[in-house]
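Build the complex from these two chains, which are given one at a time in their own frames, with help from the hints.
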Amino acid sequence: KAGVTQTPRYLIKTRGQQVTLSCSPISGHRSVSWYQQTPGQGLQFLFEYFSETQRNKGNFPGRFSGRQFSNSRSEMNVSTLELGDSALYLCASSLVSRVEDTQYFGPGTRLTVL
Amino acid sequence: AQSVTQLGSHVSVSEGALVLLRCNYSSSVPPYLFWYVQYPNQGLQLLLKYTSAATLVKGINGFEAEFKKSETSFHLTKPSAHMSDAAEYFCAVRQGAQKLVFGQGTRLTINP
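In the order they appear, the protein sequences are chains A and S. Quick note: the first sequence uses my numbering, first residue 6, plus one each step. Quick note: the second sequence uses my numbering, first residue 36, plus one each step.
Isolated chain S (complex conformation) (with noise of 0.2 Å):
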């Protein structure tokens, strides 16, 4: 079965420093990877998603993320933090045509 494996379920970084959320999968076959992230009291919303036509995917609000496949990753990154990404964000793969597996999530906090 596939999973993802989030290291660290709390990151804090300043505000306008480099923003890095990691994220290992597991798969046998090539992954449809996912970001989602979570403000309080809200749902989940799609920050980006790798379905193999680029390594390097483009989220909203300023984040991407790279699919390595040597690494089995597909970290989050931000190069500059703002006060508004403060949330909980959540790696997820694909597992099954409408299944996603999350991963357990990473609690970002910017500190000003």
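So here's chain A without its partners, still in its complex pose (with noise of 0.2 Å):
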């Protein structure tokens, strides 16, 4: 089974532009998280998408927001951007959405704000 995709790779963009960052969930899994790392701040959750409902949200701005489309697939935007926002977004997929579910990460987008 193909693993957790995510495109682009890499982003370069300029403060106040948006950027939209999409994630191809494991084929069956239906929740799909996404956790923003930084050196200062580690990894920190930032949304979580079952059945393309938003289940749960961590402590970021509302310029951090996210779908899901009914084939699982999500998409993470980003408007505004500020240099902060630099850092390595992580997208993670599960069957459902139970506790006790294992999250399969991907290899991330590495996006760069000038």
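Taking CB as the label site, the calculated pair distances span: (1) L53(S) to R72(A): 42 to 52 Å; (2) T107(S) to V101(A): 23 to 33 Å; (3) E106(S) to T117(A): 33 to 43 Å; (4) R14(A) to M118(S): 24 to 34 Å; (5) V104(A) to T40(S): 15 to 25 Å; (6) L91(S) to S75(A): 39 to 49 Å; (7) V104(A) to N96(S): 20 to 30 Å; (8) L55(S) to E57(A): 37 to 47 Å; (9) K18(A) to Q139(S): 20 to 30 Å.
FYI, nobody ran anything at the bench for these hints, they're computed from the structure. From a predicted model like this one, the values you see are computed outputs, not experimental measurements. Yeah, the Cβ is synthetic: ideal placement off N, Cα and C, and Gly gets one too.
So this is what it looks like as structure tokens:
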């Protein structure tokens, strides 16, 4: 089975722009979660989608948003980019949304904001 | 809120030596605990997880971890380090259905 795929792998944007990142979960997985990884703050939970509904949200400003499509693919959007948004954005998928389900991570999208 | 603390941001061991990476958790209820590994320029790979079935959990690549409720610990060990084990290791606790709360990570260096 193919793993979690994320596109693009690398992205360079300038302040004020917006960006959309894409995540395709493992086939059959219906839950997708997003995390931000930075050297200063470490790994932080952004949000989780299950069956096209946001189930849980981390402590991030409204500039960060996401959605999930009927095929379970997910996108996250960051508007009005700031320098501090430079990070590795990781997507993880799991079968459903139970607490015992294992999350499998993709390789990430490295976003650089200039 | 549940959290984990990883003691030591950087651990260095010789090839063939014991690897011990420390993780302590704070949780008011039985936790779901995980260890993930991250190689350079890659995502996170699950090493092992604790879900209350057994206190000693065996994972991939020869790693194992022991859940000790009395010490609120979930330390990761490997009897004999290999050069390929050099990576960053993250301990995490499940908070809510699909939210993982991660420790700050421990970078493991293997000396030849």
